[in-house]
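Protein chains in written order, with the working numbering: chain A, 1 to 298; chain B, 1001 to 1279.
Quick caveat, the hints were computed from the structure, so don't treat them as lab data.
We put the beta carbon where it would ideally sit given N, CA and C, even for glycine.
Some clues are possibly wrong.
As the list claims (entries may be wrong) - Here are the simulated SDA-like pairs of lysine to any residue, each with C-alpha atoms no more than 25 Å apart in a straight line:
no., chain 1, residue 1, chain 2, residue 2
1, A, 15, B, 1193
2, B, 1235, A, 290
3, A, 263, B, 1138
Stated by the list, open to error - Computed footprint of chain B on chain A; a stretch qualifies when at least three of its residues, placed anywhere within it, have a C-beta under 8 Å from a C-beta of chain B:
no., segment
4, 36-44
5, 61-69
6, 99-108
7, 167-177
8, 194-203
9, 222-231
What the hints assert, rightly or not - Label-pair restraints from in silico Cβ distances:
no., chain 1, residue 1, chain 2, residue 2, range
10, A, 52, B, 1056, 47 to 55 Å
11, B, 1169, A, 291, 29 to 37 Å
12, B, 1135, A, 58, 24 to 32 Å
13, B, 1169, A, 259, 52 to 60 Å
14, B, 1255, A, 29, 35 to 43 Å
15, A, 203, B, 1265, 35 to 43 Å
16, B, 1195, A, 94, 27 to 35 Å
17, A, 49, B, 1089, 31 to 39 Å
18, A, 58, B, 1045, 54 to 62 Å
19, B, 1263, A, 14, 39 to 47 Å
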Amino acid sequence: MKKKRSKTPRESIRKHFLLFMGPVLAAFSIGFVWPFIQGIYLSFCKFRLIKDAKFIGISNYVKALSDDSFMYSFEYTAVFAIVSLILINVLAFTVAFILTQNIKGSNLFRTVFFMPNLIGGIVLGYIWAMIFDGILSRYSTSILLETKYGFWGLIILMIWQQVGYMMIIYIAGLQAVPDDMIEAASIDGATRLQTLFRITIPNVMPSITICTFLSLTNGFKLFDQNLALTGGQPFIIQSDGSAIKTTEMIALNIFNTFYGSNKAATGVAQAKAVLFFILVAALGLYQLAVTRKREVQQ
Amino acid sequence: MKDNTRKMIYTVILSVVCILWVLPVLAVAVNSFKVNTFVKTDTFSLPTGEMFAGFSNFIKGMTFGNYPFYKSVLYSVVITFLSVALILLFTSMAAWYIARVDNLICRIVYFLCVFSMVVPFQMVMFTLSKTADKLRLNTPFTIPIVYLGFGAGLAVFMFVGFVKTIPLEVEEAAAIDGCGPVRTYFLVVVPMLKPTLISVGILELMWVWNDYLLPYLVLDINEYRTIPIHIQYLKGSYGTVDLGATMALILLSIIPVIIFYLACQKYIIKGVAAGAVKG
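Given the sequences, and given the hints that come with them, work out the whole structure.
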């Protein structure tokens, strides 16, 4: 009797496969599965139009890896991602820590800090381009003229956008730290700094893991803000005539290879995209492994 | 006493940072009322005297960039509304099926959904835009299908996670009372899903509303533009940019977002935190 009861609803749900799964499966195939498979295949092909793609083995990958602008954008992106990771997380943690100390008006502060997160990347880029140019034009220069301005400008933009977001995650983590643990520490004579490093930080490690990986992958995948703030400028023209865009990040480099002036490079662009995917997916898997390991320990 | 001074210092520091945080938005507002030529030279002064442009930047902005701004707003609203509606309806249905039936196909689909979350858009953008073109998914009324496809991963993942926490007994009781799966789903499961529906809805809303690259590659840009595309094209279309008009349009496009944020702040922060912890 019991067995029948729990089996009947499941069986009758199963018959409605097309109704419940059909729409998502169809759209998911069009919007993800098929483009993904086709993308992997095309990275091994030479083509201008998809229908006359010719299989040429790994030479697209060889070209991608020997493309100076791609390797430059990879290094630039890695440095950017690490610098922004450190700054964003230190600031977000500090703000979250202060906000959880029973400060007056902490709700107002939280609201304001989170607000930039809702503004889209393109709009953000133009807001900050105006601000930086307003400052730099007094020294008769521009954000488009120096690589270091473009780099730190984008860092400032990302801090403005992301600190509020990470702060929310840290606040949730900090609020979960048991009060009696902190009380016990202070009764035992621990200083505030000792309590912070010995009690609070170890207890919010899960939040720290989430936030570091989030800001790392956000840094690597950054596109809109990069396009709108500098669009890769300033350029350096190399001796062979090709240009290195000194503030171009990896996602923008792939975009420019796909839709740039060289129409024969779409295969190389797709190979770059596959390499980019492997990089981002590896970061994701690594995060999963780290999180799992922590869960086991707890 | 000592504790109070510390709190005072904290409050002062936070207030200063808070003002810094609002300044960029204020700068946009101030400069949208400024005559174009002064935006670059006097970015941080108030629009007084000869710098004050009144509403002329806004009037100019309406047709600026060879495309009427109201049309971009309209298309952005249509695309966002349809996409979020489609995603919420169909992914929650699929997630319920996946969680309840749990056979091999379900597990494969679920795995693919989780997998799709780590795939960057650049990986599929070229082939996806060609496929969408071929299937005529390149209008504001059909592009939501593309969003449903590419955005399904996170939504299915979050819904499955939640459905698994709902006790089976409620649905079994409905089945015993004679409810078929369709009625059970819409009358019993959907009301219980409400908090997750709001969280997922807000995440997808923020994504679709602000998205630039997908509509840029899929839509026919000469006919259909969304707000981010419109703003990107203000710079692209002419050699010199009318910064005053650009700031006016940026202000117009962020005011609704800020109002929406202030009105639904609680849900937004909750939704975003839920998405981060799981994704």
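Go through the numbered hints given earlier and state which of them the structure violates, listing their numbers in rising order. Of the numbered hints, 2, 5, 8 and 15 do not hold.
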